[in-house]
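On the provided structure of chain A, position chain B as indicated by the hints.
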Amino acid sequence: MPFHSHTLKNGLQIIGETNAAARSAALGFFVRTGARDETPDVSGVTHFLEHMVFKGTPRRSALDVNRDFDRIGAHYNAFTSEENTVFYAAILPEYMSQAVDILADILRPSLRVEDFDMEKNVIIEEIGMYEDQPMWSAYDHAKRAYFSDHPLGNSILGTPDSIRALARDQMYSYFDRRYVAPNIIAVAAGNVDWPKFVDLIESRCSAWQQGPVGRQGVRETPGSGAFQVLTKGKVTQEHVFLISPGPPAESPLRYAADTLALAIGDDSGSRLYWALVDPGLADSADCSFHDYEGAGSFYTSFSCEPGQTQENLAIIHKLLREVQRKGITEEELQQAKSKIGSRVVRGSERPMGRMQAIGMSWIYLHQYRTVDDELNAFDAVTLKSIREVLDRYSLEQVTTLALGPLETLSQKGFNGSR
Amino acid sequence: MASVLSALITRGAGARDSRALSLALDNLGVDRDESVGSMHTRFWGATLARNLPAALEIYADILLRPHLPQEEIEAVKALAYQDLQGLEDEPRQKVLVELRRHHYPPPLGQDRRGTIQGIESLTAEDTRTHYRRLFQPRGTILSVAGNIEWESLRDQVERLFGAWEGGPEPDLRLGAQPSKRAHIAKDTTQTQIALAYPSVPIGDHEYYAALGAVNVLSGGMSARLFTEVREKRGLCYAVWASYQTFKDRASILCYAGTTNERAQETLDVTVGELKRLQEGVEPEEVERVQAGLKSSLIMQQESTSARAGSLSSDWYYLGRVRTFDEIQTAVNELTPTSIVEYLHHYPVGNFTVVTLGPKELEFKE
Chain A
1 MPFHSHTLKN
11 GLQIIGETNA
21 AARSAALGFF
31 VRTGARDETP
41 DVSGVTHFLE
51 HMVFKGTPRR
61 SALDVNRDFD
71 RIGAHYNAFT
81 SEENTVFYAA
91 ILPEYMSQAV
101 DILADILRPS
111 LRVEDFDMEK
121 NVIIEEIGMY
131 EDQPMWSAYD
141 HAKRAYFSDH
151 PLGNSILGTP
161 DSIRALARDQ
171 MYSYFDRRYV
181 APNIIAVAAG
191 NVDWPKFVDL
201 IESRCSAWQQ
211 GPVGRQGVRE
221 TPGSGAFQVL
231 TKGKVTQEHV
241 FLISPGPPAE
251 SPLRYAADTL
261 ALAIGDDSGS
271 RLYWALVDPG
281 LADSADCSFH
291 DYEGAGSFYT
301 SFSCEPGQTQ
311 ENLAIIHKLL
321 REVQRKGITE
331 EELQQAKSKI
341 GSRVVRGSER
351 PMGRMQAIGM
361 SWIYLHQYRT
371 VDDELNAFDA
381 VTLKSIREVL
391 DRYSLEQVTT
401 LALGPLETLS
411 QKGFNGSR
Chain B
419 MASVLSALIT
429 RGAGARDSRA
439 LSLALDNLGV
449 DRDESVGSMH
459 TRFWGATLAR
469 NLPAALEIYA
479 DILLRPHLPQ
489 EEIEAVKALA
499 YQDLQGLEDE
509 PRQKVLVELR
519 RHHYPPPLGQ
529 DRRGTIQGIE
539 SLTAEDTRTH
549 YRRLFQPRGT
559 ILSVAGNIEW
569 ESLRDQVERL
579 FGAWEGGPEP
589 DLRLGAQPSK
599 RAHIAKDTTQ
609 TQIALAYPSV
619 PIGDHEYYAA
629 LGAVNVLSGG
639 MSARLFTEVR
649 EKRGLCYAVW
659 ASYQTFKDRA
669 SILCYAGTTN
679 ERAQETLDVT
689 VGELKRLQEG
699 VEPEEVERVQ
709 AGLKSSLIMQ
719 QESTSARAGS
729 LSSDWYYLGR
739 VRTFDEIQTA
749 VNELTPTSIV
759 EYLHHYPVGN
769 FTVVTLGPKE
779 LEFKE
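These protein sequence lines are chains A and B, in that order. Residues 1 to 418 (our numbering) make up the first sequence, in order. Residues 419 to 783 (our numbering) make up the second sequence, in order.
Bound-form chain A, shown alone (with noise of 0.2 Å):
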C-alpha cells in the first residue's frame, strides 16, 4: 500500500496510507498535547478541550456538529492520552471532503462560554463514572504514585474541583499554545484520493498559526518505589497494580518488551495466568508494557478475594524475580510472537486500525511502518534482546499500589527490603 507525506506551510503534517480495495477511509487529526503538558493549575485542560473541540465553531452549533457527522454516517469520536489528543472518524469513502470540512472546522473552536459551562457538568460525571471501578481507580492511583513528580504521572480527567476552577480563558490559552500548527498531523488510511486529501486539508488548515512545539520534561524514571494500601471500605474486591520501568517509545526495544509482557501477563497461556488464575486464585492477572515519549513502564495488575492479595503479591514478587534472573523461555517467546503475530494481522483489517498505527508512528518515530515491518520487528525478537530489556529495566523495581477493603500489606520481600 503506498504511503503518502506531506507539509504545508505553517508546518502542519499530512500523511496517509491508501488502499483502493478497502471498502472504507479514516482520518485522523493528533495533536501532540496531553496530560503531561499541563500546569497543576489547569489540570484536565487537555481532556475537558478535547470535550469542547465537539461544541462547535462560529460556523456550527454543537448540535450542527454532532449532525453533520450523522450525516454522514460517520463513526468518529476523540481520546485524550498522558501525551496526545486525537480526533477521528471513520467514513464511506464518498464522504471524505465533508469530513475533512467538519473535523478541520471543528479544530478551531469558539469555546463558548455557556458551553463552557454546561460541559463541565459532563466531565464531573465522567469522573464520577471512572471513580466508581476501581479497577480503573487503582491503575490511575497507581500511576500515580510511580511516576511521582514525573509529569506523566498528572491526572488525564482532573478533579471535580480542578475543573469547577478552570476559567474558559485559560482554556483557550492553553488551545492557543498547543493547537498551534506543526503539533498537528493529518493522518488518513484505506480507500482515499491522496492528491484530493492533501487539497482538502490544504484548504481548511493553511491558515492554522504556526507555533513553538515540543514538551517539556521529556526523561526516564525507575517510579517512586512507593508501596500503598488505599483502603475503600465499599468496594468488593482487592485491586492491585505493581508498576516497573521499561523502554521509551522512541527505542528499538519496544518489541521486546511488548513481547516479554505477552509472556508474562497475557489472560491465557501465561506465567501469570498459570500462577493465579488457572488455580484460582485471582479473577484476573495481567502484564502490559506502555510506552511513552521518553519513558516506558509494565503493569502488572490483579484482583482477587482480599485475603488472598498478601499470598498472591508474594506469587507476583516470585514471578518476576524469576523472570528478571532467568528471563522467559524459547517456547514462551515463540508463543508470544505467534499471538501477536495474528492480533497484528487483525488490528489493520481495518482503515481505522492503520489510520492510528499510521499516525503513532509518525509521531513518536517520525517513521513509516508498514505492517510487515511491524511483524518483522515481532519476529526478529530474541531471547537475547528479551535479556537486555531485563538488564536495562528491572522487573523487580517495582511501585506498589492496592486498593480495595483491605487496611493493611506487608511489603515484605518487595525492592529488595526482604
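Everything labelled a hint here was simulated from the structure, so no lab data went into it. Predicted model, so just to flag it, every value in this text is computed and none were measured. Don't take every hint at face value.
DMTMM-like, lysine to aspartate or glutamate: derived pairs with alpha carbons at most 25 Å apart [stated by the list, open to error]:
#	chain 1	residue 1	chain 2	residue 2
1	A	412	A	379
2	B	693	B	751
3	A	232	B	501
4	A	234	B	506
5	A	120	B	683
6	B	650	A	117
Okay, now just chain B, sitting in the frame of chain A:
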C-alpha cells in the same frame, strides 16, 4: 453451571491436558474466548488463515472430547465466585444484569455469573451431566469468515464433527415474570439507571422500523438521548438505548449513569424522550439513521470477526444469512411513517426500571 462448564471445558480435551491444550492454541496464535450468553455458549477464535485447519482439530477435541477434570473444579469454582463478587465493583454492569433479571422471565434474564449457592453446590459430575444434555450437534452453529477454502473446510468439518451424536433439542420452560421494579442500594458516586420495554424480534416485518426507532434515540451523537440528556442538560456522560432480541421476543434497553443529585431529573428527562418518540420522527432524523446504518453495514464487512459473528447470528435467528443488499434495501425503505406506525403497534411503556445508588428514584409510568 454454563459458566463453570465453559471454563472447565478448555482444561484438557482429547489427547491434551490443560496446559498442552492452551499451548497448542497459543502456538497457532489463536486469540480466543469462551463466553456464555442467554441462549448459547460461544467459542470464538481468530488466527491466521493458514492455521485454521489445525485450530479446528483442537476445537473438535474441546467440544467432543473434553476431560472436565475433577481436580480442576475447585479452581474453576473459585474463579466463578470471584467473577460474581467482581460484579459488585462494576456498578454499570451490575445494573444491566439486574435489569435483565427483572425484565425477562427466568431463565431468559439469568446472568451467566449465577448465584453464590449455585456455584458452591456445583460438582464436576454436575458439569458432565450438563455437558451430555446440552452439548450436541442440534442447535450448534459453526461459522467461519475470512480467507477460507470452502470445499476443504466442509470436508474437514464433516470428518471432525460428522459422527457427533445427540438427543433432541432440550425445551425451554419459562418461569413467572419477576417484579419490574428494583432499586439496589449502594454508596456510589453516581446513580445507575436502567430501563427496558418491549419491542419486536428480528424476523418480524417491523424489525427494521424498531431498529430505526432505537437509532433515532441513540444512533449517533445527534440522536435524541445524547442531545437532550447530555448535550443540552449536561446530566450525564453516558446515556444510550439499544436493541436486544431473542427468537420470540425483543426489548429496547436503555442506560444512563449520573451524579446522585441529578439522578431524578435524568430519569425523568430520559423517559420523557423515550415517550416523545411516538409523537413523530423528522425525515432528517431518518436520513441520519440510514446513513449510520449503511456505513456500519459496510464497515462490518471489513472485519472477519464481525462477519463470522453476523453469519452465526443470522443463521440462528433467521435460519439463513441475509445479503448485504437485502439489509440495505430494508434500511433505505425506512420512513418517519413506518417508524411511528411501529411505535403505535408497540407503544413505549410497560417499563422495567432498575436503579443502583444511594437513593431510590420515583418512577411514574
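- prompt: Within 25 Å, alpha carbon to alpha carbon, are residue 650 (chain B) and residue 117 (chain A)?
  reply: Holds, because 11 Å separates the two Cα atoms, which is no more than 25 Å.
task: Would you check the hint for residue 232 (chain A) and residue 501 (chain B), treating anything up to 25 Å between C-alpha atoms as holding?
output: holds (19 Å)
task: Compare the distance between the alpha carbons of residue 120 (chain A) and residue 683 (chain B) with 25 Å, and conclude whether the hinted pair is satisfied.
output: holds (17 Å)
Straight-line alpha-carbon gap residue 412 (chain A) to residue 379 (chain A), limit 25 Å: With a Cα-Cα distance of about 39 Å, the restraint between residue 412 (chain A) and residue 379 (chain A) is violated, given a limit of 25 Å.
- prompt: Has the given pair, residue 234 (chain A) with residue 506 (chain B), been kept, meaning a C-alpha gap of at most 25 Å?
  reply: holds (9 Å)
Pair hint outcome, residue 693 (chain B) versus residue 751 (chain B) [Cα-Cα no greater than 25 Å]: holds (24 Å)
When held up to the earlier numbered hints, the structure conflicts with hint 1 and nothing else.
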